[in-house]
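Colleague: Construct the entire structure; sequences and hints are all you get.
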Amino acid sequence: MSEKKSTIFNDFRTEVIDINRAFAEIRPLIRETRHLSLNAETSSLKVGPAAAAFAVVVKNLNQLSESLGSQVNGIEEVFNSLVQLIGEWAKRDQQIGLHERAHELIAEGAEEEAREVPSIERNLEEGQQDVRGMVAEVMDHIEKLNRQVTELNQVAVRQCRFIAISSMIEAQRIECVEDGDLTTVAGDINDMANRIGKVELEARNRVLNLMTSARLLEQALK
Amino acid sequence: MLKSIELFNDGRRRWIFLGRDPKKPDTLIDSNQYIIMEGDKATLLDPGGLEIFPSMIAGVSREVEIENVESIMASHQDPDIVSSLSMWFSVQDKLSVYAPWVWSSFIPHFGGAREVKAIPDEGMILPLGSSRDLQLIPCHYCHSSGHFTLYDPRAKILFSSDIGAALVPADHEIFVQDFKAMPQYMEAFHKRWMPSNRAKNAWIQRVRQLDIEMMVPQHGCIFRGEDVQRFLDWFEALQVGSAVDGITAGIAETAEAAL
Ligand SMILES: [Fe+2]
Ligand SMILES: [Fe+2]
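Going down the list, the sequences are from chains A and B.
Position one of the first sequence corresponds to residue 1 (my numbering), numbered consecutively onward.
Position one of the second sequence corresponds to residue 1001 (my numbering), numbered consecutively onward.
Possibly wrong hints are sitting among the right ones.
Claimed, not checked - Below are the DSS-like pairs computed for lysine-lysine, each with C-alpha atoms no more than 27 Å apart in a straight line: (1) K46(A) - K91(A); (2) K1156(B) - K91(A); (3) K1023(B) - K1117(B); (4) K1180(B) - K1191(B); (5) K5(A) - K1180(B); (6) K91(A) - K1023(B); (7) K1023(B) - K4(A); (8) K5(A) - K1041(B); (9) K1003(B) - K1023(B); (10) K91(A) - K5(A); (11) K91(A) - K1191(B); (12) K91(A) - K1180(B).
As the list claims (entries may be wrong) - Here are some of the chain A residues that sit facing chain B, going by a computed Cβ distance under 10 Å: (13) K46; (14) A90; (15) D93; (16) I106; (17) V117; (18) P118; (19) I120; (20) E125; (21) E218.
None of these hints come from the bench; they were simulated from the model.
Note that CB positions come from ideal geometry on N, CA and C, so glycine has one too.
Modeller: Encoded structure:
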């Protein structure tokens, strides 16, 4: 890899690793959503039969934490194979570099009866093909990440906002004017919706940056 | 381009030295590599690090068809010995790798993840083509805990791995011209890299029984004729394991500080 290419590549790798930090913040939110649903359940039990409708909120929260969990698992899976792919790519690229240098040296030393090393030629060709394949796969993975993050927005963030709003309405209906447990729970759910939204926005921005870098890298490799 | 010198040729067996690459970056310790050939088959002794692979493959392919490189002998586990392993596999996948058993599951970490043929502690015959006369002679603890030298009774050449290493300037002669000029390049290395006087003397005793015309180390210069004996005498008199003094001084300092 030329120096310029390897700088772009290193930047790209750093960006991929950074993105993991954004995703890492989602995991604790799953656990907290489960806590919220437990809180909602205990609070509604305390209020008694009047809060029966709050059971829907609890059910929705449970669903949310479940779907959040499976989305995060999916993202992590794609992310891990992306990291692995990039590692293999770097290794393959280093090998190509060594084969290229060998090729040059052989050409330098070759006189009339030049001795070819077919395995070097084959390796160079296969290596370049492999890298092209890997770049395509990396692009594919980033696309997938992008889709998953968008889904995260559509499913998790919107679902959580919806739950927050419906729980607030329920809490107001049940508790009228006085500030009760259910109102606190509803406020917490709203906070959660904001937090998931923030993490999602951060993740989405990073994935978008990654797509730009990947395109730059793809161009540099051409 | 690596310099290459034919050290021996009886029409069937050949020894070729490859080293002193003028383009080698200064950050890498210089190393000597050797090809032994039997007919058209070859083995590479300590083919070197990843960084010198391009020059090595260029050098080796001048002498032998890569498909005919049967094996690699790694005298021990160091990166300057065999970190190029995965690259050799990439150009010759039928390659056998011989290495001390203690390192046989460490060396695959250099990549390629093939099985390494483990050399037992007492040594063995390294097969090459149809020949069965290359002797792997243990030199454990000189410096590595699993370490081999190789003796060829036909060429009367002893490959001594890190023993006899000299950290000479880049453009230094390949053959020892004046033994008296050598210790300045060898002393610090042997004192610091070799840990055991007992092991060192055992190896010297063992190789003194061999008929050696040439001793070829993995770093530095090639010893011929009388210079081989001169080296063995010099090495025998040398006290090795110098870094122990550093530990002992440390103990004294710690004790003093505690007072
Ligand atoms: Fe070594
Ligand atoms: Fe060495």
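Colleague: Decide, hint by hint, whether the structure agrees.
Modeller: Outcome of the hint check:
{"no.": "1", "hint": "K46(A) - K91(A)", "verdict": "violated, 60 Å"}
{"no.": "2", "hint": "K1156(B) - K91(A)", "verdict": "violated, 41 Å"}
{"no.": "3", "hint": "K1023(B) - K1117(B)", "verdict": "violated, 33 Å"}
{"no.": "4", "hint": "K1180(B) - K1191(B)", "verdict": "holds, 18 Å"}
{"no.": "5", "hint": "K5(A) - K1180(B)", "verdict": "violated, 50 Å"}
{"no.": "6", "hint": "K91(A) - K1023(B)", "verdict": "holds, 24 Å"}
{"no.": "7", "hint": "K1023(B) - K4(A)", "verdict": "holds, 22 Å"}
{"no.": "8", "hint": "K5(A) - K1041(B)", "verdict": "violated, 40 Å"}
{"no.": "9", "hint": "K1003(B) - K1023(B)", "verdict": "holds, 11 Å"}
{"no.": "10", "hint": "K91(A) - K5(A)", "verdict": "holds, 15 Å"}
{"no.": "11", "hint": "K91(A) - K1191(B)", "verdict": "violated, 37 Å"}
{"no.": "12", "hint": "K91(A) - K1180(B)", "verdict": "violated, 46 Å"}
{"no.": "13", "hint": "K46", "verdict": "violated, 60 Å"}
{"no.": "14", "hint": "A90", "verdict": "violated, 13 Å"}
{"no.": "15", "hint": "D93", "verdict": "violated, 13 Å"}
{"no.": "16", "hint": "I106", "verdict": "holds, 5 Å"}
{"no.": "17", "hint": "V117", "verdict": "holds, 5 Å"}
{"no.": "18", "hint": "P118", "verdict": "holds, 8 Å"}
{"no.": "19", "hint": "I120", "verdict": "holds, 6 Å"}
{"no.": "20", "hint": "E125", "verdict": "violated, 12 Å"}
{"no.": "21", "hint": "E218", "verdict": "violated, 25 Å"}
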